[in-house]
Amino acid sequence: MLCLRLGSEEAKVSVRELHDVSVRQRKLTFCKTFRIAALSMRFGLNKRHKGDYQVFDVIDFLESVGQDAEWRHADSEALAVALTGVQIGPELRMAILARDERELQALLGQDPFCCLINPAKPDEDQEECDGSCKEGEDEDENKDKSTDDD
Amino acid sequence: MNAIRPSGSLVCVGLGMTLGSHLGPLARSHIEQSDVVFAGLSDGIVELWLSRMHPDVRSLQPYYREGKSRMQTYRQMVEAILTEVRAGKKVCGVFYGHPGVFAWAPHKSIEVARSEGYPAHMEPGISAEDCLYADLGIDPGRFGCQHYEASQLLFYQRRIDPTAYLVLWQVGLVGDQSLARFSTGAAYRQLLVDVLARDYPLEHEVIIYRTATLPIQQARIERVKLCALPQADIGMADTVVIPPARAMQVDHEMRAKLDVLDRAMSDAVCDVG
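Protein sequence lines, in the order shown, are assigned to chains X and C. Number 64 in our numbering belongs to position 64 of the first sequence; there are no gaps in the numbering. Number 244 in our numbering belongs to position 244 of the second sequence; there are no gaps in the numbering.
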C-alpha cells in the first residue's frame with residue numbers, strides 16, 4: 001500500500017496516474033466486452049444485407065455506447081477506435097462515424113418513424129370530429145386497420 | 001360478495017429519449033415481465049432495441065398514415081392495447097420519452113382500462129422536456145416556463161408571458177387542422193410568427209432543439225431570429241424554445257401586502273414570547 005500526504009505533489013501525480021490507468025482500462029474493457037458480444041451474436045437485423053455485417057451487432061453497440069459515461073459523448077475518433085478490429089461493413093462504419101441516423105436507419109431496413117402522439121385540439125368534440133368526419137368512418141377505420149396489419 | 005376481478009392489466013412506461021441511456025430499471029422490468037408489449041416509439045432503431053427485451057413487441061407505427069386523421073390512429077392504438085388487456089394479458093405500452101407527456105394514447109388507454117375494471121397505471125420516463133433543460137442549460141424555476149402544442153397558439157386565444165421561457169412542441173406541423181399531415185410549412189409557421197410577434201420582437205433569438213435519439217448523436221441546438229422561423233428547417237421532432245424577452249415586473253402592491261403580513265406575524269411571535 002502506498003501512503004501519501006494529502007494535497008502533496010506526489011499524491012496529485014499518483015491520483016492523476018491512477019485516473020489515466022482507470023480510463024485506459026475502461027476503454028479496453030469496453031472494446032473487449034463489445035467485441036466479444038459482437039462476435040458472439042449474429043447481426044441478422046437486415047436480411048437484405050450481406051454476410052460482411054453478420055459479426056457486428058449494431059444494436060448491441062449502440063446500447064453499450066448509450067450506457068457508458070465514457071462513450072456517450074465520445075468523438076468520432078474514439079468511436080473509430082472502438083470499432084477497430086470489428087468486422088463491420090464500410091457503409092455501416094461510415095454511418096456510425098458520421099452519426100448519420102437516416103443512413104443507419106436505411107442500412108437496418110427501417111423507414112423514418114412518425115413520432116406524433118398528441119393532438120392539438122384537446123376537447124372531446126374536436127377529437128371526435130375535425131369537421132371532415134362522415135358517416136361510416138368506422139368502416140374505414142376497420143379497413144385501415146386490417147390493411148395496416150397485413 | 002366481491003366481484004371477480006378481470007385478469008388483464010396495463011402499464012404504460014417511458015423508454016426515455018436516447019437508446020441505451022434513459023431506460024430505468026422499473027420500466028425494463030415491466031417490459032420483461034409482461035405478456036405483450038406495444039411500442040409507440042420515435043425511431044425504428046430504438047424499436048429494434050426494444051425487440052431485444054421481449055419476444056412479443058408489437059409496433060404501433062403501422063397505424064400512422066399521412067392523410068389519415070391522427071385521432072383515428074390514436075384511437076386504433078388504444079383499441080389494439082385494450083383488446084389484449086380484455087383478453088386477460090399483462091400488457092405493457094412502451095412509449096418514447098415520458099408516456100404521459102404530449103401523449104394521448106397512453107393516458108386514454110389507462111383511462112379506458114380502469115373504467116372497465118382493469119388495473120392500469122403509468123411509470124414515468126425521461127422526456128424531451130427533461131433533455132431540453134439539460135442540453136440548453138435552462139432551469140424552469142428561474143423565470144418560469146410555459147409549454148404549448150404550437151397549433152394551440154393558432155387555434156385558440158392563449159395568453160403568453162414573455163418574461164418566462166416559452167417552449168413550443170410540434171412546430172413542424174403547426175396549424176394542421178386536419179390532424180392528418182406530417183408537416184405543414186413556411187406559410188403556416190409565418191402565422192405562428194405573427195402570433196408570437198404580439199409579445200416578442202421579430203429580432204428576438206429563438207432556439208430550434210431536437211433531442212438525440214441515438215447515443216452516437218448530439219442534440220440539435222440551432223439559434224435563429226424569430227422572423228427567420230418560417231424559412232428554418234423544422235421537422236416533426238423539432239421543438240422551438242423562446243427565451244424571455246422582458247424582465248419580470250415587480251408587483252409593488254402585493255409586496256406591500258406581504259410586508260404588512262410579515263410585520264403582523266413578527267409582532268404575533270413577539271407577543272407570544
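FYI, nobody ran anything at the bench for these hints, they're computed from the structure. Since the structure is predicted, the reported quantities are computational estimates derived from the model, not experimental observations. For every residue, glycine included, the Cβ atom is placed at its ideal position computed from N, Cα and C. Incorrect hints may have been included.
Cβ-to-Cβ under 8 Å is the rule here; a few derived chain X residues that face chain C [stated by the list, open to error]:
#	residue
1	Gln67
2	Ala80
3	Ile88
4	Met94
5	Arg99
6	Glu101
7	Arg102
8	Gln105
9	Gln110
10	Cys115
Each hint tested on the structure:
| no. | hint | result |
| --- | --- | --- |
| 1 | Gln67 | holds, 5 Å |
| 2 | Ala80 | violated, 12 Å |
| 3 | Ile88 | violated, 14 Å |
| 4 | Met94 | violated, 12 Å |
| 5 | Arg99 | holds, 5 Å |
| 6 | Glu101 | holds, 6 Å |
| 7 | Arg102 | violated, 11 Å |
| 8 | Gln105 | holds, 6 Å |
| 9 | Gln110 | holds, 3 Å |
| 10 | Cys115 | holds, 4 Å |
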